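A.B. asks: Given chain A, put chain B in place with the hints provided.
2 protein chains.
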Amino acid sequence: MQQLGQRARQAARHMARASTGAKNAALLAIADALQRSEAALRAANDRDLAAGRAAGLDEALLDRLLLDARGIAGMADGLRQIAALPDPVGAVDELRARPSGIRVGRMRVPLGVVGIIYESRPNVTADAAGLCLKSGNACILRGGSEALHSNLAIAACIAAGLEAAGLPATAVQVLEITDRAAVGLLAGLAEYVDIIVPRGGKGLIQAVMQQARVPVLKHLDGVCHVYIDDGADPDMARRIVLNAKTHRYGVCNALETLLVAAGEAAVLPAIAADMAEKGVELRGCERARAQVPGMTPASEADWYAEYLAPILAVRVVDGLDKAMEHIARYGSAHTEAIITRDLGRADRFLREVDSASVMVNASTRFADGFEYGLGAEIGISTDKLHARGPVGLEGLTSQKWVVLGNGEVRT
Amino acid sequence: MQQLGQRARQAARHMARASTGAKNAALLAIADALQRSEAALRAANDRDLAAGRAAGLDEALLDRLLLDARGIAGMADGLRQIAALPDPVGAVDELRARPSGIRVGRMRVPLGVVGIIYESRPNVTADAAGLCLKSGNACILRGGSEALHSNLAIAACIAAGLEAAGLPATAVQVLEITDRAAVGLLAGLAEYVDIIVPRGGKGLIQAVMQQARVPVLKHLDGVCHVYIDDGADPDMARRIVLNAKTHRYGVCNALETLLVAAGEAAVLPAIAADMAEKGVELRGCERARAQVPGMTPASEADWYAEYLAPILAVRVVDGLDKAMEHIARYGSAHTEAIITRDLGRADRFLREVDSASVMVNASTRFADGFEYGLGAEIGISTDKLHARGPVGLEGLTSQKWVVLGNGEVRT
Numbered sequence: 001m002q003q004l005g006q007r008a009r010q011a012a013r014h015m016a017r018a019s020t021g022a023k024n025a026a027l028l029a030i031a032d033a034l035q036r037s038e039a040a041l042r043a044a045n046d047r048d049l050a051a052g053r054a055a056g057l058d059e060a061l062l063d064r065l066l067l068d069a070r071g072i073a074g075m076a077d078g079l080r081q082i083a084a085l086p087d088p089v090g091a092v093d094e095l096r097a098r099p100s101g102i103r104v105g106r107m108r109v110p111l112g113v114v115g116i117i118y119e120s121r122p123n124v125t126a127d128a129a130g131l132c133l134k135s136g137n138a139c140i141l142r143g144g145s146e147a148l149h150s151n152l153a154i155a156a157c158i159a160a161g162l163e164a165a166g167l168p169a170t171a172v173q174v175l176e177i178t179d180r181a182a183v184g185l186l187a188g189l190a191e192y193v194d195i196i197v198p199r200g201g202k203g204l205i206q207a208v209m210q211q212a213r214v215p216v217l218k219h220l221d222g223v224c225h226v227y228i229d230d231g232a233d234p235d236m237a238r239r240i241v242l243n244a245k246t247h248r249y250g251v252c253n254a255l256e257t258l259l260v261a262a263g264e265a266a267v268l269p270a271i272a273a274d275m276a277e278k279g280v281e282l283r284g285c286e287r288a289r290a291q292v293p294g295m296t297p298a299s300e301a302d303w304y305a306e307y308l309a310p311i312l313a314v315r316v317v318d319g320l321d322k323a324m325e326h327i328a329r330y331g332s333a334h335t336e337a338i339i340t341r342d343l344g345r346a347d348r349f350l351r352e353v354d355s356a357s358v359m360v361n362a363s364t365r366f367a368d369g370f371e372y373g374l375g376a377e378i379g380i381s382t383d384k385l386h387a388r389g390p391v392g393l394e395g396l397t398s399q400k401w402v403v404l405g406n407g408e409v410r411t
Numbered sequence: 001m002q003q004l005g006q007r008a009r010q011a012a013r014h015m016a017r018a019s020t021g022a023k024n025a026a027l028l029a030i031a032d033a034l035q036r037s038e039a040a041l042r043a044a045n046d047r048d049l050a051a052g053r054a055a056g057l058d059e060a061l062l063d064r065l066l067l068d069a070r071g072i073a074g075m076a077d078g079l080r081q082i083a084a085l086p087d088p089v090g091a092v093d094e095l096r097a098r099p100s101g102i103r104v105g106r107m108r109v110p111l112g113v114v115g116i117i118y119e120s121r122p123n124v125t126a127d128a129a130g131l132c133l134k135s136g137n138a139c140i141l142r143g144g145s146e147a148l149h150s151n152l153a154i155a156a157c158i159a160a161g162l163e164a165a166g167l168p169a170t171a172v173q174v175l176e177i178t179d180r181a182a183v184g185l186l187a188g189l190a191e192y193v194d195i196i197v198p199r200g201g202k203g204l205i206q207a208v209m210q211q212a213r214v215p216v217l218k219h220l221d222g223v224c225h226v227y228i229d230d231g232a233d234p235d236m237a238r239r240i241v242l243n244a245k246t247h248r249y250g251v252c253n254a255l256e257t258l259l260v261a262a263g264e265a266a267v268l269p270a271i272a273a274d275m276a277e278k279g280v281e282l283r284g285c286e287r288a289r290a291q292v293p294g295m296t297p298a299s300e301a302d303w304y305a306e307y308l309a310p311i312l313a314v315r316v317v318d319g320l321d322k323a324m325e326h327i328a329r330y331g332s333a334h335t336e337a338i339i340t341r342d343l344g345r346a347d348r349f350l351r352e353v354d355s356a357s358v359m360v361n362a363s364t365r366f367a368d369g370f371e372y373g374l375g376a377e378i379g380i381s382t383d384k385l386h387a388r389g390p391v392g393l394e395g396l397t398s399q400k401w402v403v404l405g406n407g408e409v410r411t
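Chains as they are written, first to last, in full-length UniProt numbering: chain A, 1 to 411; chain B, 1 to 411.
Looking at chain A on its own, in the form it has when it is part of the complex (with noise of 0.2 angstroms):
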């Protein structure tokens, strides 16, 4: 575990100044000799698969597991669309003047060595590298013990293509021990690991953190608030509701609680017809319940819940103060948005908010790094220091200072 540490800092430090060109050419050629693979990818996934029947797995694992012909020409063309976005790295801000003499400026860097620790998706290991290396750091990654073959066979096409395009094929590195005694060896490499970068479900991140001795871009929970404000346009509401709830049910940006402002109660019941539809089912706080007969009641385990599921929380509150209150209380910092007429209301909700994503008049759902422009997203993070948000290549480096001088000394 220290040699690999000590490989992908040293990688890490060749990487750091690799040319745009090169890394470009190595994501290409990845992505080549991923669909150049495509028989000996699919036989290893199929070794996965196999043994993930004797052992019993579900249908949905299985599923996740599962690496066809259209989920490797998908990560060859992820690759070619990370390929395609502007190189963070090298980029100065404005060198500005001193009266010194000097000028002073910041100039963005890669991270370093991320580790990255994930469950059975497979293409997770094209698309993590892929953002790395463009980003010019070093990774280790981790998945899951499930889908170790498909990984192996994933890595062998990326340390070629980093080898054709002149880089060290060490830049990525992917662990074959996949207990998880790993995460606690991988979590606690401070000394060659900078930032860990979990992707997975909340047992999984939760581990990491406790056992993390570098930084973790990370987020636990998604319990995601829709507030309808007084007045606000009820089919613009019904509309961003249905969506940011129903779209995808097992997405961390999906609403979870809806609060409604004490006078629009009355577009609960057109709300409860439309979530009927769908089949999901409402858990009300008492007001919630008058509006509409049969409601299930509310406990305060709901307005703390992610469902993941089709079960949405409702409660109606005296105006925008009590929504944001029930926010901090009971939110998870993630994304929250308010439906509105009001320019002030907006104002203060997107001011006072204190969550990653806030919102006007558009559906949580949108928080996503595609969505964002970011191009291509490594994570989510619910934490506020370094990245906030849906985390981008930008998120996986730094800005170091940069001092240019004529001989200046200081007095």
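Simulated from the structure, these hints should not be mistaken for laboratory data.
Quantities reported herein were computed from a predicted structural model and do not represent experimental measurements.
The C-beta atom is built at its ideal place from N, Cα and C for all residues, glycine as well.
Fair warning: there could be bad hints in the mix.
[As the list claims (entries may be wrong)] Computed list of chain B residues with no C-beta within reach of chain A, every gap over 12 angstroms: (1) Gln35; (2) Gly56; (3) Leu66; (4) Gly105; (5) Arg106; (6) Ala164; (7) Ala182; (8) Lys202; (9) Asp230; (10) Ala266; (11) Met295; (12) Glu306.
[Claimed, not checked] Now the stretches of chain B that chain A is said to cover, found in silico as 3 or more residues with beta-carbon under 8 angstroms: (13) 96 to 102; (14) 309 to 317; (15) 380 to 394.
C.D. replies: Then chain B, alone, in the frame of chain A:
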């Protein structure tokens, strides 16, 4: 401690939405209160000084503890300067229109609650509180026990100023528990504290790092390097080395190890003469000693040393790559400078040296928030995430995503 944390969290929500005008009014009112309260401040400081003398504190420590008329005026001036700085909070980056119809940007927001742990200098109380206040944060300050009366007297002026401006006095709380256990308590308040800034010696910073359950903004060492490149102007090299080493010895951006390209080793006798005149001891590698008879031999430990004293380690290296290898191996990622006439090597040094500040033809002593134009400095960080190098108001803020829509939903 929990109550204190809760009060800080509540105050932080208030401060986050405070107007620039109110924050500046508070800063000016605190400055006035400090100057009006000179007698009370000096009486409180006398109590600390008397207790310090009785406890046998040495003169250097008593000197740091002293708060005289000049010190009080200095604190007040510092606060007025912070009031004059631009408010980082609320600024929104370019809003970009996305194909979906939403507009996306980032808004700068306070971090929330900042914990500051410091040692004997009481002026840090006003200085740190002022920076936190201007950046819209609440703060909890834990100063040294030897300065408790002084700190509480300053805190009374801060509370008066906050209240005069209609802001919550609990936005700045000074801990009355000053033993080491308080460090652990504050560093462990993960629910109520967003970041800890330790200001003081290495022992304090290590204690905070070990106990912190929240991010720590810090630098542990400043093992700064100057590298004299092949073909460098020898006069410029002498001037910069003299300034970087001898301008002040006890500061983190002072030069500690001088690296000289083998072709330029002949500059060493002149540098040795400059250093001898200032009483600086040189400790050199074999090749450095060949140039300067009588130089003390350097041991491996000297390359790692942050002397903070009139001692300079000197090593002759075979060009840029070896210099950068030395810095990567022994350095502390704080500040390094190259003296060169070669554009290509200057560029490689800037890009490849992985330190918070990298300089061309300038003294390492410039690594400072005021010299960089930040207007003020809460500390210097050698970590890569969030803020790097000198940290001013911006480093006490974060950016959240804002999305403006007209009813858009995701398809």
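A.B. asks: Are the hints correct? Go through all of them and say.
C.D. replies: Evaluation of the provided hints:
1. For glutamine 35 of chain B, the condition that its CB be more than 12 angstroms from all CB atoms of chain A holds, with the nearest at approximately 28 angstroms.
2. The claim that glycine 56 of chain B lies off the interface holds: its Cβ sits roughly 36 angstroms from the closest Cβ of chain A, which is beyond the 12 angstroms cut-off.
3. Leucine 66 of chain B, annotated as away from the interface, keeps every beta carbon of chain A farther than 12 angstroms; the closest lies near 26 angstroms.
4. Listed as a non-interface residue, glycine 105 of chain B fails to keep its Cβ farther than 12 angstroms from every Cβ of chain A; the least gap is roughly 10 angstroms.
5. A cut-off of 12 angstroms between C-beta atoms contradicts the statement that arginine 106 of chain B is not in contact with chain A; the least separation is 8 angstroms.
6. With a least CB separation of 24 angstroms from chain A, alanine 164 of chain B remains clear of the 12 angstroms interface cut-off, as annotated.
7. Every beta carbon of chain A lies more than 12 angstroms from that of alanine 182 of chain B, the smallest distance being close to 23 angstroms; the non-interface claim holds.
8. Every CB of chain A lies more than 12 angstroms from the CB of lysine 202 of chain B, the least distance being 18 angstroms, so the non-interface label holds.
9. Distance check on aspartate 230 of chain B: its Cβ is at least 17 angstroms (rounded) from any Cβ of chain A, clearing the 12 angstroms threshold; non-interface status holds.
10. Listed as outside the interface, alanine 266 of chain B is consistent with that label: its C-beta sits roughly 19 angstroms from the nearest C-beta of chain A, beyond the 12 angstroms cut-off.
11. The beta carbon of methionine 295 of chain B is kept farther than 12 angstroms from every beta carbon of chain A, the shortest such distance being approximately 24 angstroms.
12. Distance check for glutamate 306 of chain B against chain A: the nearest CB is about 19 angstroms away, which clears 12 angstroms, and the non-interface claim stands.
13. Requiring three or more residues with a Cβ within less than 8 angstroms of a Cβ of chain A, the coverage given for the segment 96 to 102 of chain B holds, as 4 such residues are present.
14. Proximity of the segment 309 to 317 of chain B to chain A, defined as three or more residues with a beta carbon under 8 angstroms from a beta carbon of that chain, is not established by the 0 residues found.
15. By the rule of at least three residues with a Cβ nearer than 8 angstroms to a Cβ of chain A, the coverage given for the segment 380 to 394 of chain B holds, with 6 such residues.
In this structure, the earlier hints numbered 4, 5 and 14 are contradicted, and the remaining ones agree with it.
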